[in-house]
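Student: Here the protein sequences come in this chain order: V and A. Residues in the first sequence are numbered from 1 upward in steps of one, following the working numbering. Residues in the second sequence are numbered from 258 upward in steps of one, following the working numbering.
These are calculated hints, taken from the structure and not from any lab test. Glycine included, C-beta positions come from ideal geometry on N, C-alpha and C. A few of these clues could be false.
No more than 27 Å apart at the CA atoms, straight line, and that leaves these computed lysine-lysine pairs for DSSO-like [said to hold, decoys possible]:
# : chain 1 : residue 1 : chain 2 : residue 2
1 : A       : Lys282    : V       : Lys200
2 : V       : Lys210    : V       : Lys169
3 : V       : Lys218    : A       : Lys274
4 : V       : Lys200    : V       : Lys151
5 : A       : Lys274    : V       : Lys249
Restraint ranges, calculated between C-beta atoms of paired labels, are given here [stated by the list, open to error]:
#  : chain 1 : residue 1 : chain 2 : residue 2 : range
6  : A       : Glu266    : V       : Val29     : 21 to 31 Å
7  : V       : Ser39     : A       : Trp317    : 20 to 30 Å
8  : V       : Pro150    : A       : Glu313    : 54 to 64 Å
9  : V       : Tyr139    : A       : Asn293    : 16 to 26 Å
10 : V       : Lys200    : A       : Glu266    : 20 to 30 Å
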Amino acid sequence: MTGVLPITLEDSTKVVQAFLYSGKEYICVMKLHGDVDESHIRSVLSEFEGEIYQRPPLRSSVKRQIRTRRIYYINYLEIDGRNVLFRVGCEGGTYIRKLCFDIGEVLGVGAHMQELRRTRAGSFNENSQTHVTLHDVAYYFNEWQEKQDPKLLHAFIQPMENALVLIPKLVVRDSAVDALCHGANLTAPGILSVESCIEKGSLVAIFTLKGEAIALGKATLPTEEILNTNRGTVATLERVLMSRGTYPKIWKSGTKQ
Amino acid sequence: MPRTVPPWEIKREVYIKAEDETDPKYGHAPMERSPNELIRYGVINLNKPAGPTSHEVAAWTKKLLRLEVIGHGGTLEAQLLS
Numbered sequence: 001m002t003g004v005l006p007i008t009l010e011d012s013t014k015v016v017q018a019f020l021y022s023g024k025e026y027i028c029v030m031k032l033h034g035d036v037d038e039s040h041i042r043s044v045l046s047e048f049e050g051e052i053y054q055r056p057p058l059r060s061s062v063k064r065q066i067r068t069r070r071i072y073y074i075n076y077l078e079i080d081g082r083n084v085l086f087r088v089g090c091e092g093g094t095y096i097r098k099l100c101f102d103i104g105e106v107l108g109v110g111a112h113m114q115e116l117r118r119t120r121a122g123s124f125n126e127n128s129q130t131h132v133t134l135h136d137v138a139y140y141f142n143e144w145q146e147k148q149d150p151k152l153l154h155a156f157i158q159p160m161e162n163a164l165v166l167i168p169k170l171v172v173r174d175s176a177v178d179a180l181c182h183g184a185n186l187t188a189p190g191i192l193s194v195e196s197c198i199e200k201g202s203l204v205a206i207f208t209l210k211g212e213a214i215a216l217g218k219a220t221l222p223t224e225e226i227l228n229t230n231r232g233t234v235a236t237l238e239r240v241l242m243s244r245g246t247y248p249k250i251w252k253s254g255t256k257q
Numbered sequence: 258m259p260r261t262v263p264p265w266e267i268k269r270e271v272y273i274k275a276e277d278e279t280d281p282k283y284g285h286a287p288m289e290r291s292p293n294e295l296i297r298y299g300v301i302n303l304n305k306p307a308g309p310t311s312h313e314v315a316a317w318t319k320k321l322l323r324l325e326v327i328g329h330g331g332t333l334e335a336q337l338l339s
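Modelling step: build the complete structure from the supplied sequences, incorporating the hints.
Tutor: Here is the structure:
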């Protein structure tokens, strides 16, 4: 299998979580074990849009219990003999091999996954200029070591913030930053702006005014309430991304702001 | 089945709750990081080749860039393994 594989370097490894929960898109070749008309394939594929049930395969890295996954879309592209090409957008953790097997069962002839290419993982897709091969990585890194031109690093490394663009954002005051870096929960007075569609329990990304990611958290209130409240916790912290001491410590332990 | 919008098609509005300024003395915008910081807080959108596993590709990248820690998001396994 080929395609988009986000690689997180050193401290940005903490943003991996953002990719695991993010949506994915694949282009897949499914091999049918019998002949089926195109119109029947199209209608069966569309039946798989929405919520599906999947038991993780024998060789998998998670507990093998039935779970639900959302298929945002399946677009039939073409058929060549018994090879069906389709594009699927799905929730993270959907097994495409399993999906092909299940589609084969519903078609009545059986099928298996022949080839798979990931075309998107969260905000990363294969059309961006920064989608690079291992050869590019080796080339630009060696060039950078020789010439020390930062452009050469920017040619293949992106700031971790680019991995977080699909996660709803909360922007906070400078004075709130260091407390967050020490793992404190985010409270209402520190908030400057908030994005729409945050629900209680949503994964949120907490940013500075300069656009630096501070931490990932779980919202404890929806967008409207975050906007209207002036006290109390708004998000609990999941992962701190920024190192302590980047911003000054202006909080005092044991006192209220 | 009702269709849900994929996360990359969700349009989000930004609501301002309060105004404040940021002190240029502390931190800096992501695109202004020093080379070392860029690597330390960096992510690569890699085009995984066919053949090796995601773990192998991540390990190669780590060796290539002489790093201590590396991770990858969403395993894309080799044909034979999964």
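Student: Each hint should be assessed against the structure and marked as holding or not.
Tutor: Quick rundown of the hints versus the structure:
{"no.": "1", "hint": "A:Lys282 x V:Lys200", "verdict": "violated, 35 Å"}
{"no.": "2", "hint": "V:Lys210 x V:Lys169", "verdict": "holds, 13 Å"}
{"no.": "3", "hint": "V:Lys218 x A:Lys274", "verdict": "holds, 19 Å"}
{"no.": "4", "hint": "V:Lys200 x V:Lys151", "verdict": "violated, 41 Å"}
{"no.": "5", "hint": "A:Lys274 x V:Lys249", "verdict": "holds, 23 Å"}
{"no.": "6", "hint": "A:Glu266 x V:Val29: 21 to 31 Å", "verdict": "holds, 25 Å"}
{"no.": "7", "hint": "V:Ser39 x A:Trp317: 20 to 30 Å", "verdict": "violated, 45 Å"}
{"no.": "8", "hint": "V:Pro150 x A:Glu313: 54 to 64 Å", "verdict": "violated, 29 Å"}
{"no.": "9", "hint": "V:Tyr139 x A:Asn293: 16 to 26 Å", "verdict": "holds, 20 Å"}
{"no.": "10", "hint": "V:Lys200 x A:Glu266: 20 to 30 Å", "verdict": "holds, 23 Å"}
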